[in-house]
Each structure stands twice: as structure tokens, then as C-alpha cells.
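Listed in order, the protein sequences are those of chains A and B.
Its first residue numbered 1, the first sequence is counted upward by one per residue in our numbering.
Its first residue numbered 374, the second sequence is counted upward by one per residue in our numbering.
Everything labelled a hint here was simulated from the structure, so no lab data went into it.
Only a predicted model underlies this, so the values are computations on that prediction, with no experimental measurement involved.
Among the clues, some could well be false.
[Unchecked claim] Restricting the straight-line Cα-Cα distance to at most 20 Å, the calculated cross-link-like pairs of lysine to aspartate or glutamate (DMTMM-like) are:
hint	chain 1	residue 1	chain 2	residue 2
1	B	Lys437	B	Asp467
2	B	Lys452	B	Glu382
3	B	Lys564	B	Asp587
4	A	Lys158	B	Asp404
5	B	Lys452	B	Asp537
6	A	Lys89	A	Asp220
7	A	Lys158	A	Glu60
8	A	Lys89	B	Asp467
9	A	Lys158	B	Asp469
10	A	Lys89	B	Asp398
11	B	Lys452	B	Asp467
12	A	Lys158	A	Glu124
13	B	Lys437	A	Asp220
14	B	Lys399	B	Glu382
15	B	Lys564	B	Glu514
16	A	Lys158	B	Glu390
17	B	Lys499	B	Asp537
18	B	Lys452	B	Glu390
[Claimed, not checked] Here are a few chain A residues that sit away from chain B, every Cβ distance over 12 Å (derived from the structure):
hint	residue
19	Ser86
20	Leu265
21	Ser310
No residue lacks a Cβ here, since even glycine has one placed at the ideal position from N, Cα and C.
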Amino acid sequence: MFEFDFTLRNVMLGAALLGVSSGVLGSFALLRQQSLLGDALAHAALPGVCLGFLLTGSREPLPIFVGALLSGALAAGFTMLLTSRSRLKTDAALGASLSIFFAFGLVLLTFIQSRSGSGQAGLEAFLFGQAAAIVPSDVRLMAVVAVAALLTVALLWKEFKLLTFDPQFAASLGFPRLPLELLLTSILAFAIVIGLQLVGVVLMAAIIIAPAAAARQWSDSLGQMVGLAALFGALAGVSGALLSASGRGLATGPLIIIAASLIALASLLFAPERGLIASAYRARGARRELEQQRVLLDMYGLAQQHSDPSYPSESGMLRALYGGSPEAQLRRLEAAGLAEHTTHVPGEGTHYRLTEAGWARAEAALNSLGHHA
Amino acid sequence: MPQPTPRHEPNLALHIEDLTVAYNDKPVLWDIDINVPPGVLAAIIGPNGAGKSTLIKAVLGLLKPSAGHIYLHGEPYAKQRRRVGYVPQRSSVDWDFPTTALDVVTMGLYGQLGWLRRPGRAARTKALSALEQVGMADYAERQISQLSGGQQQRVFLARALVQDAQVYFMDEPMAGVDATTERVIIGLLKKLREQGKTVIVVHHDLQTVATYFDFLLLLNVRLIAQGKTSEVYTAENLRAAYGGQIALLQTAQIPQTPPTVAETV
Ligand SMILES: Nc1ncnc2c1ncn2[C@@H]1O[C@H](COP(=O)(O)OP(=O)(O)O)[C@@H](O)[C@H]1O
Ligand SMILES: [Mg+2]
């Protein structure tokens, strides 16, 4: 069992703050189809972390946060420059700046580690996170950053919503598109900065996108989606922290990511409207209906050919028309009161004929298909 | 006291001088002059890629022209924002966005609300009545992803209606919509014109353009012709605008010379 100790409390608080802010901002990133942006910003934070350390010589959180924010901003600016000055699409440009900044960060990291006496710098913790090293001052800074990010979203809720749904219309109303987009990107970088120590830059994208993607599955309004994403994010953060405290040698960061991914996976599968299982079920229902309609129309066609509304179709003949086995469909039609089976003629298969309701249904179906009975 | 700035052609709803717009140094609108009087129902027509959407975006300040000036009732767009309504091309947004029809219509009021203020009860009432005008009152709480293309288009139109503008710009509002929607839309456009408003619409269908609109702008990178439908809707102008593509259209129905009777609606 885990002890509910002081470190664990810090880690849980930090993880909850990370989950809430990344859930909220990840929702906007997801809806703006910028899932890759979080990944790029996170990877781009690494050189800033290293430079913050190099310039101040300490692992104090503030210079490292500022460094991460600045290099994230630089990467975002670089991406915009790439897309506006070249023919690169946004995702390609994001990928390019992600790799360039991350490579530069790794170079700096190896440089720092190779210097004498800085083996203990422990900066590699920012690659995959090192939650155990979190102290109360870290958590306080995370809280300030999270509150700043969430307050901005709350204040500019309607502006961000419009910008996300229809940026051109927003601009036509006089809302400055570029500054608002920059602001939204910057506060996404805030969320990333909160996660630096907890999950590190490499896995960050998952905690940005997974709670949002999960929340989208369950809700149909932006407010609900954002609230749910915050909840899922916090849930993933806290359960990751608890799980890692309960076992020896389980790293918090990856556990948080796994928890978030499981929530997303479950939502993708089981959500009532948008879930894969629900839509497979609906598709099956639609297919059945279509097959049933086909048999119904075949019977109608045969009856018309014989100018006899109650013409009994033999199931074998229907099989030939239908190409498959119509018995199951016929039973369903009968159960629905659209067909009925007639007296059995020895030596032949069962005969079915349309009921009045079945006749009407077939004519309605034909009409809606644009034919005329 | 602020200097009263001289107004430029205040008697024209839209006045454009020497407008050139380029994407990556490739001009898509070239040296355009346009004058649209107030109170008309005007169509912008031209082949695909002619720059019709670009023209509207330039007017609304959504992209920066390489050259030229644009005035709406004598003032630049930045000063006339509250008097201009906009219906973007339907395909320009992701209709899977998690929101309702009513919410989208309410967005038309965000400009009047200004920064930070949230829409309240009055906004809701306005949005509902706009939905009613487009025959979509029953769909107010419906997810926008569940609406048909025509219904989505009507939601966009309702959003422009709540803007309560003097001049409207609409990008292909009748493209790919069902017959009901087309009837609703054209009825509304005429109603707006009756109220003295100016409506400028990108239209894709040459068969209906002469019956729906009383003013035409023929565009193909350059402005080919502009003026009353009865004067500029000629085979010669259409050929100039559409080039070879006109062969695909039923040229027989288009008058070789300006029609003598005013067949505008
Ligand atoms: N964002 C863009 N970047 C580069 N070229 C563009 C962009 N938008 C439009 N174009 C090009 O400009 C031309 C005019 O486009 P558009 O105004 O959309 O035409 P229309 O609306 O008349 O079909 C087209 O050739 C199109 O390919
Ligand atoms: Mg267009």
C-alpha cells in the first residue's frame, strides 16, 4: 500500500493541475485540428529548459519555466513563418520545428551533462518527467500558471469559441485573429510548462490530446466538452500519481499518460453516440433494415408481376432474387406484421405474402426512392 | 475635436478602386473597380478560381490587398463593421464542432456584444427569431453536425440576419442546397432588399442568376462587366467571363443582346 505522504500530496496536486489545464487547452487544440501543436510546443521546450539552466546555473523552476515558454513561443513563431513563407502545410511545418528544436535541446542537454560536476543537474528528468523531485514551491508555481491559463480561457470564452469554430467570421466581426491565436497557443504552452517535471516533453502530447479526445466522445457542447476534459485530465493525473506511489519503481509520468490513454480508448469504444461500438451497432441495424427492405420490395415486385397483391412468394424464389438466405428477413418481416406465411404446399418451400401494412410500406419505400408505384 | 474625415462615394453601398490581390505573388484579382448602388440584390458570378471568394474576403479585411481602396457607404470596412453582415462559404468551417444551431446563430451577435460580454436572454430571443425566419425554429437545440447541408446553410444565414446589417456579403449560399432551402434563401434575400439593404451574393448557377438578381458583377481575375442584370447579362459578357466553359452551359437561354423587357424580379 502507498503512504499518503507529503511528496505524494505534491505530486497529486501537480498532476491534477496539469490534467485540468491540459484538458481545457487540449480541447481547443483538438477542435482547431492542431493536435500536433502541443507535441511541437512540448518538444520545443527542451532547449529553453537547458538554456534556463545554463544561464542561471540552477534547477530553480522559474528560469526553467520561462526558458520553456520562450523557446515554445519561438518554435510557434518559426512554424508560422514557415507556413506563410513557404508552401509547407501546418502539420509539416510543425513537424519540422519540433525536430529542429528538440534536436537542439538534446545537443544542449548532452553538453550540460558532459560538463564536469553537472552530472547531478538531472535535466534528463525533463525528457520523461521525474515527479518525485517535485517540491512545494514547484507546485505553487504550477498553480499560478494553471490559474492564469484557466482565467484567460474563462474571460475570453466566447472569443475563443468563435475563433475555433469560424476564424474568418470572427475576423470579420473585428476580433483580431492572429493575436487571439497567439494567445491561445501561449496558454497551451502554459499547460505544457506545468507538465515539464511531471511527464516530461516527450510524452506531453498525450496528456494534451487524450483527455480532450475522450471528452469529445461524450458531449455535444463546447462547455461540457471542456469541463469533461478537465475532469478526465485530473483523473488521469491523480490516478497516475497514486499508482506510481503504490508500486516500487513505477514512474509517475508514463503512468499518467497510460491512464489518460486508457480513458481515451474507453471513450472511443464505448461512448453512446460517437463510440465505435455504438456506430458499428447502428451500421448493423441500417444494413439489416436495408436487407429487409430488399426482400420486401422483391415480394412487392413479384406480386405486381402477377397483378395480385396477395401473391404468395415462395422462399426459394426469393432466395434466387435476393442472392442470400431470405428466411431470417422473412421471419423479421413477419414479426413486424409486414408479411405472413400462407398454407404450406407439399413439396415446395414456405410461401409468404405481403400484408396490407407490408404493401403500404413497400409503396412508401419506392416513393421515397423516387419511383412511382 | 476629431477632424471629420472626408467620405468617399457615400452614395454607393460598395465602392472599390484599383483593387489587386495576390496569393504568394500570384495575382488572383487584378485592378478591379466596382460600384454597387444601395438597395440592390447583386450577384458575383464567374468561373471557379475567378477570385469571387477572394473579393469578398478583401472587402471584409480578411486579407490584405496588394493595392487599392475599398469603401462601404463611403467609409472603410473597419469603420462600417457593425453595418456589414457576412455568410462565409459553408465548407469553410468544421460542422462537427460541438454546438447547437442556436449557438451558431448567437455568434452573429458577438460583434455587437464586444469583448468579454456574454450573450444573454435578449441575444437568445434574437437568435431564435432569426432561426424562425429561415424556417429552422424547430432545430434550435439540434447539434449542427446532425443538420443537412441546406439546414446548415440556413443556420449560417440566420447568423447573418442577427447581425442586422445594411450590406450583406454571402459566399455561395445556394450551392449544394435542397430546393426548399433555395426558396427560403431567395425569399429572404428579396425581403432584405425590400428593407433597403444591399445584398451581394456569390452565385454559381447561371440558369437562375437572371431571375434572382437585379445587379451583376462578372468576374474572372479582372472585372468583366458590372451593372443592371438587364444590361450586362449577355452571351458576350458571359463568354468573356467563362471562356470555353460557357460551352457547357445552355447558351441558348442567354440573350445575345440585352433583353428589352426588364426581366428582373
Ligand atoms: N489561401 C490561398 N492561398 C493561395 N492561393 C489561393 C488561396 N485561396 C485561393 N487561392 C487561389 O486564388 C484563386 C481564386 O480563389 P477564390 O477566390 O477562392 O475563387 P472563387 O471563389 O471564385 O472560386 C484560385 O486560383 C485559388 O486557387
Ligand atoms: Mg469561392
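Evaluated hints:
Between the alpha carbons of Lys437 (chain B) and Asp467 (chain B) the distance comes to roughly 25 Å, so the proposed pair goes past 20 Å and is violated. Distance restraint check for Lys452 (chain B) and Glu382 (chain B): the Cα-Cα separation of roughly 15 Å lies within the 20 Å cut-off, and the hinted pair is therefore satisfied. Using a Cα cut-off of 20 Å, the hinted pair Lys564 (chain B) and Asp587 (chain B) holds, with the two alpha carbons roughly 14 Å apart. About 38 Å separates the Cα atoms of Lys158 (chain A) and Asp404 (chain B), which puts this hinted pair outside 20 Å; it is violated.
Under the criterion of a C-alpha separation no larger than 20 Å, the hint pairing Lys452 (chain B) with Asp537 (chain B) is consistent with the structure, at around 16 Å. For the proposed pair Lys89 (chain A) and Asp220 (chain A), the alpha carbon gap of about 29 Å is over 20 Å, so the pair is violated. With a C-alpha separation of about 37 Å, the suggested pairing of Lys158 (chain A) with Glu60 (chain A) is violated against the 20 Å cut-off. The suggested pairing of Lys89 (chain A) with Asp467 (chain B) holds, with an alpha-carbon distance near 18 Å, which does not exceed 20 Å.
The hinted pair formed by Lys158 (chain A) and Asp469 (chain B) meets the criterion: a straight-line CA distance of about 18 Å does not exceed 20 Å. Between the alpha carbons of Lys89 (chain A) and Asp398 (chain B) the distance comes to roughly 18 Å, so the proposed pair stays at or under 20 Å and holds. Simply put, Lys452 (chain B) and Asp467 (chain B) have alpha-carbon atoms about 30 Å apart, too far for the 20 Å limit, and the pair is violated. Annotation: proposed proximity of Lys158 (chain A) to Glu124 (chain A) is violated, straight-line Cα distance about 40 Å (limit 20 Å).
A C-alpha spacing of about 36 Å is found between Lys437 (chain B) and Asp220 (chain A), which places the hinted pair above 20 Å, so the restraint is violated. Between Lys399 (chain B) and Glu382 (chain B), the direct Cα distance comes to roughly 30 Å. Violation of the 20 Å bound is thereby established for this hinted pair. For the suggested pair Lys564 (chain B) and Glu514 (chain B), the alpha carbons sit about 26 Å apart, so the restraint of at most 20 Å is broken. Of the supplied pair hints, the one linking Lys158 (chain A) and Glu390 (chain B) is violated, its CA atoms being roughly 36 Å apart against a limit of 20 Å.
For a cut-off of 20 Å, the pair hint linking Lys499 (chain B) to Asp537 (chain B) stands: about 10 Å separates their Cα positions. Annotation: proposed proximity of Lys452 (chain B) to Glu390 (chain B) holds, straight-line Cα distance about 18 Å (limit 20 Å). Consistency note on Ser86 (chain A): stated as away from chain B, yet its beta-carbon is not over 12 Å from all of that chain's, at 10 Å minimum. For Leu265 (chain A), the condition that its CB be more than 12 Å from all CB atoms of chain B holds, with the nearest at approximately 20 Å.
The claim that Ser310 (chain A) lies off the interface holds: its Cβ sits roughly 38 Å from the closest Cβ of chain B, which is beyond the 12 Å cut-off.
In summary, the numbered hints that this structure violates are 1, 4, 6, 7, 11, 12, 13, 14, 15, 16 and 19.
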